[in-house]
Amino acid sequence: MSTDIDAAQIRRRTQELLAAHPPATTDRTDFLKARFDAGLAWVHYPAGLGGLDAPRSLQPVVDAELAAAGAPDNDPRRIGIGLGMAAPTVLEYGTEEQKQRFLRPLWVGEEVWCQLFSEPGAGSDLAALGTRAVRDGEDWVVDGQKVWTSSAHVARWAILIARTDPDVPKHRGISYFICDMTDPGVDVRPLRQITGEAEFNEVFLTGVRIPDNRRLGPVGAGWKVAQTTLMNERVSIGGARIPREGGMIGTVAKTWREQPGLRTHDLHQRLLTLWVEAEVARLTGERLRQQLVAGQPGPEGSGMKLAFARLNQEISGLEVELLGDEGLLYGDWTMRRPDLVDFTGRDAGYRYLRSKGNSIEGGTSEVLLNIVAERVLGLPAEPRNDKDVAWKDLAR
Amino acid sequence: MTAQNEAAQAPDLLYSEAEEDLRSAVRSLLADRADAPTVIAGIESDTPHDLRLWESLAAGIGAAGLLVPEKLGGQGATHREAAVVMEELGRSAAPAPYLTSAVVATEILLALAADGGPAAGLLGELAAGSRIAVLALPFATPPADGAAAMTGTLERTVTGVAEAAAADVLLVPTAEGLYAVETGADGVAVQPLVPLDLTRPLATVTLTGPTGTLLAEAGPAAAAVSKGLLAGAGLLASEQLGLAEWCLTETVRYTRERHQFNRPVGSFQSLKHRMAQLWLEVVSARAAARNAADALATNSPDAPLAVAVAQAYCSKVAVHAAEECVQLHGGIGMTWEHPAHLYLKRAKADSIAYGTAGRHRETVAGLVELPAP
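Read top to bottom, the protein sequences are chains A and B. Residue 77 in our numbering sits at position 77 of the first sequence, and the numbers go up by one each step. Quick note: to get our numbering, add 1000 to the position in the second sequence (first position is 1).
The following block holds chain A by itself, in its conformation from the complex:
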């Protein structure tokens, strides 16, 4: 439900915010809090929760005005999981108290969130998860292990799905919680990756007590709640306008122009093919953005992640080859635990290795192709033998 606020009114409100809190003389966090309270954080959210019930298409108006005035932003790269996944889920399924408690510090960046979904035995088959939550008075007691948890080492809160009923088929026995990462039963261990650093973590949950008022949605409805989270994970793309050569292709094109000695005919053919594909992917994202602004969202978003994963992998692979002698070197194998994914800022070897994750994280390319085939094209599902079997009776 959106009100009749138009672009001119949004622009005026933004100017009022800037006048009352000049970015040059206002503390970063104070400015962000004022922006949230003015309803200009995410304009399509309800009034009082950082928004104005305005059409989502007006957000770029606010962002452009604030960027032009040099206002600080809320560092979406650092708070991406909270912003993109936890917030829309809290908004849709949270109680009034939960919304009031969590959304402001999340958006302002005072509290970082992580996502306790994947498990060693449940990745693409996420609903097979085995982490248990058992009711004990006003609390739930959680035991289990999660994996691939980015930001867990800096997170204050987590969205968590756990099994609350092992006697029903797997999708029906899951509930959704907000987990306090400072609880003594939460043990976060770095998980060193292919790049040498630990961007992700393993999280061990041992007797973690979560009060029932931090459950999101009804008991047993966690899978449905998780769908909101997962849909939002993939919808965030297409929001920003990317310039030509704006992604990874720009780095390679620059090297090509500046170092003629590295050029070969084979690399030229591959570079041109990838340049064209990157430009087309950019246009496809731009078309999707225009559809959203025009109020005609299409299913194209689910395909964009597939396209970018493949392109990033091919372009970064080409880049290592193009660099030749330099491509044989690697910047730094030191074990680190970064706060955010610094994807393009590092060397070619890192980009090559890190981009291998693009076709796995947030849904493997294979699973996304299934989703496109079944939900967009309407192709029949493969026969399944797990839908009517109680979780405890499944093979694992």
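Source of the hints: derived by calculation from the structure; they are not laboratory data. Only a predicted model underlies this, so the values are computations on that prediction, with no experimental measurement involved. Don't take every hint at face value.
[Said to hold, decoys possible] Sample of chain A residues at the chain B side, in silico, Cβ under 8 Å:
# : residue
1 : T251
2 : H265
3 : Q290
4 : L369
From the three backbone atoms N, C-alpha and C, an ideal C-beta is built for every residue, glycine too.
Dock chain B against chain A, hints included.
Just chain B now, kept in the frame of chain A:
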């Protein structure tokens, strides 16, 4: 760059309501008059072009005059609308000299018709759909070769001219300039060839000094021919999009219904992934083709790059879609009776028309300064 400047420069990649209305009109005409059995029967006859269909499309709907201003007898629309017609022609694989006459020849004449004269007169006839003109160059000629085509005289043989057999008038580039030559004139022979794509016939044109009308001197003519070829290549991307969409839609429909191993073959993951991949390519081809059409419509300085990108991408998508269509239809896809072959032949021929993907990538290399070793 301010937000407003950015907005002004951003290409419009969507379809307008008027464009969707035009699409409906063209699609229903083609569904009615150019369904697959009709097209297959037509290509085996002596006259592959159904002139009554052309009359309905060109004059009835007014599609032939979309690029032509109203004061010159056209509809005063743009390449964006013409691109929608091309999408529908790609979807039906109907033989119609739209690309050659209503796009390429029309665009050339438009560039030359500013001060009236014979070009303006001919343009009005093309816009009304009463006559058909084609450029007497091989169908494979890329936009980059437009200027180089201004050689020779009216004594020559040109092979592989698309739709020459249907044409009333040939636009012949020579060293002296661009001539309009009647196909029925003395000294003109049009010899049909056996084309790979039966829905877009090719011919050899032999000129033995016919009388022609000089439309423009070599200089302005070269620029006009290049512009015509650029529009042809750019809007061909929309044909390739429509063609690829048909192939995907039909393949999805068929694999949902066809049962093997006691289940629809479309439920097998290996097939689903191929169709999902194709869907992604079609979605991307749409963005590329719309970008080219919009750049041509707005006479953007970006048009040569937008067209080269669209051709380098959409050619491959159309061929991939048509090849997948044949394969995923199994044996049915190999039959003459099923229309899949029409699309495969059209897609493969289109991948050569107005320059191969490789030629267009070379153009991209020049335009964005990524030079060869």
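Hints, verified against the model:
1. The closest approach between the C-beta of T251 (chain A) and any C-beta of chain B is roughly 13 Å, which is over the 8 Å cut-off, so the hint fails.
2. About 6 Å separates the beta-carbon of H265 (chain A) from the nearest beta-carbon of chain B, less than 8 Å, and the hint is met.
3. For Q290 (chain A), the interface hint holds, the least distance from its beta-carbon to any beta-carbon of chain B being 5 Å, beneath 8 Å.
4. Given hint, L369 (chain A) at the interface with chain B, holds; its Cβ is 4 Å from that chain's nearest Cβ, closer than 8 Å.
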